[in-house]
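Participant: Each chain, written out:
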Amino acid sequence: MNRPKAGPCHPYNPRAMPKTCARRSRCSLILLLGLAAALASRTTPAQMTVEITGVGSQQYPIAVAAFKADSAVPQDVSAIVRADLTRSGQFRMVEPGDAPVAEDERVDLPQWRARGADTLAVGSVSHLADGRFDIRYRLYDSVRNTQIDGISYTAPPAELRLTAHRIADRIYEKLTGDKGVFATRIAYVVQFSRTAYELQIADADGANPQTALRSREPIISPIWSPDGTQLAYVSFESHKPVVFVHALATGARTAVANFKGSNSAPAFSPDGKSLAVVLTKDGNSEIYLIGVDGSNPRRMTSNDAIDTEPYFSADGAWIYFTSDRGGSPQIYRMPAAGGDAQRITFNGDYNISPRVSPDGRLLAYVSRRNDLFQIEVLDIALNQELTVTDTVRDESPTFAPNGRLLLYATEVGGRGILALASTDGRARARIKGPNGDIREPCWGPLVK
Amino acid sequence: MRSMRILLTASATALLAAGCASTKLEEKPAPVVEQSKPPAPAPAPAPPAPVAKVEAPAPPPVDPLNDPGGALAKRSVYFDFDKSLIKVEYQPLIEAHGRYLVEHAARQVRIEGSCDERGGREYNLALGQRRADAVRERMELVGVTAARIETISLGKEKPKATGHDEAAWAENRRADLVYR
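Just so you know, the sequences run in chain order A and B.
Residues in the first sequence are numbered consecutively from 1, following this note's numbering.
Residues in the second sequence are numbered consecutively from 1001, following this note's numbering.
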């Protein structure tokens, strides 16, 4: 596996290729190569498909012209960019026509504007002598009649898809002001039968799925480490719930909470040094903090009620969790340093699985109302709640690292699938796998 | 009589089979029917010989745990939706297992709680744990020490019944006793 380097490079200047850039990209490259090596022995699961079921209230009209290729290219870069932007619900694709538009071609911006495209993306993909590809793109504002972005990447064939996601990320950030999340990854569990479970990792669009763990017993509650190199999860491989930490590049796994009783619901602290977990070793389900190596368990809750599903706010100040101490399961939070808990949810008698947005402003959770399980988003400061899904058997919401989208598990037509909803409830999409029940999603961190 | 005949047939077959290995016997059907006829009247009995009394060893004690018809054969406790209260009908079952554990100090038990498919996975895991703990507490009342019981939860991850109706849900709202 001695593949040439790749990665994001310099703002557009095709002739210069600074060394600092090459060096900076190496760390993430090693990570990617390691992951690829760790997963290479596995069979590649079949691809998933995305179906858009709702769009945002405000959409940027954009045309993404076919990128000009000098010969056959294994991935349709412009199609991936279009699909990414469309899935976010924040862009309206203006039909660009079939003719490719090269990155260095003169473009008639007033004519594109007349076709309704306020923004135009064009690009080129060409083979390099060493087998890699040179991918260049430019972004134009046809209203102001000016170029607003341009970059070139060099990537081996296996990273063309990632490069397309990075271009989509740049377009997203240029136009919305928020970080793009198309180059991130997601983890989730697929159940194929009563004795076949897989923990898989895929691109944020569900493409390029790879299996990190295969087991005859259930796997639940995967969660990414803040640096994206590890997953913690609960495995029933020893016929009881045990918390593992799993290094993705090497496949090395450690049982970090394997106490008498049940061990579950891991959540990394934002500094990546500790885990909140739920243990029953001292009685009923209580929240503990442990080192990521399983060391030094410290009890955080102490009562006769269920306390579970801890989740840290991004600033590390709070631990949100589910408790039925008030008689029904509701969301509470307590200072991560310890202290009294305060109740956060009050509507309905079943609110579980809290996830707080990266900016700490929104809380997503599953609510049961009239026997329907749906995802609610609560503006914590304003105490305004919004049902953001149109599905009714929802589980396990997880925020995109830019806080704009939620990924969650649900069931449609008797099958477990993943679905997306924007936090304003307008944009929606469903991600279906070729077979098996898909569940327990967790959205990974932004790629450095 | 029927069983007698089968027995005799079996022993004759066994004799034949044993004979094959060494001396070739004349091959003709074993005289099964004749031997199964009522025996001819016996001659007058000889005077009885003195009898030596022998005490047969007692059969090894049967572990009541392995008695398929015994009180310990039932090892599942069922619960109402969203509840971990032990229903009255299951108290004798739990107490019988508790007494057994008191009497068999080497035995350990794991109590595994389960839930129906409705609701979140982690919250159901906690509910299943609460069910297993409710069974454990009842056993402790009988005198079983906590160290010999492990309570765990399988949540909704290992449903025994795979349907999506009330019958399947009721089957899956359960705590099972698993001896080790």
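Just so you know, the hints here were simulated from the structure itself, not pulled from any lab data.
There's no promise every hint is true.
Derived BS3-like pairs (lysine-lysine); straight-line CA-CA distance at most 30 Å [stated by the list, open to error]:
| # | chain 1 | residue 1 | chain 2 | residue 2 |
| --- | --- | --- | --- | --- |
| 1 | A | Lys281 | B | Lys1087 |
| 2 | A | Lys260 | B | Lys1160 |
| 3 | B | Lys1074 | A | Lys260 |
| 4 | A | Lys432 | B | Lys1087 |
Participant: Confirm or reject each hint.
Facilitator: Quick rundown of the hints versus the structure:
no., hint, in the structure
1, A:Lys281 x B:Lys1087, "holds, 26 Å"
2, A:Lys260 x B:Lys1160, "holds, 24 Å"
3, B:Lys1074 x A:Lys260, "holds, 25 Å"
4, A:Lys432 x B:Lys1087, "violated, 42 Å"
In this structure, the one hint that does not hold is number 4.
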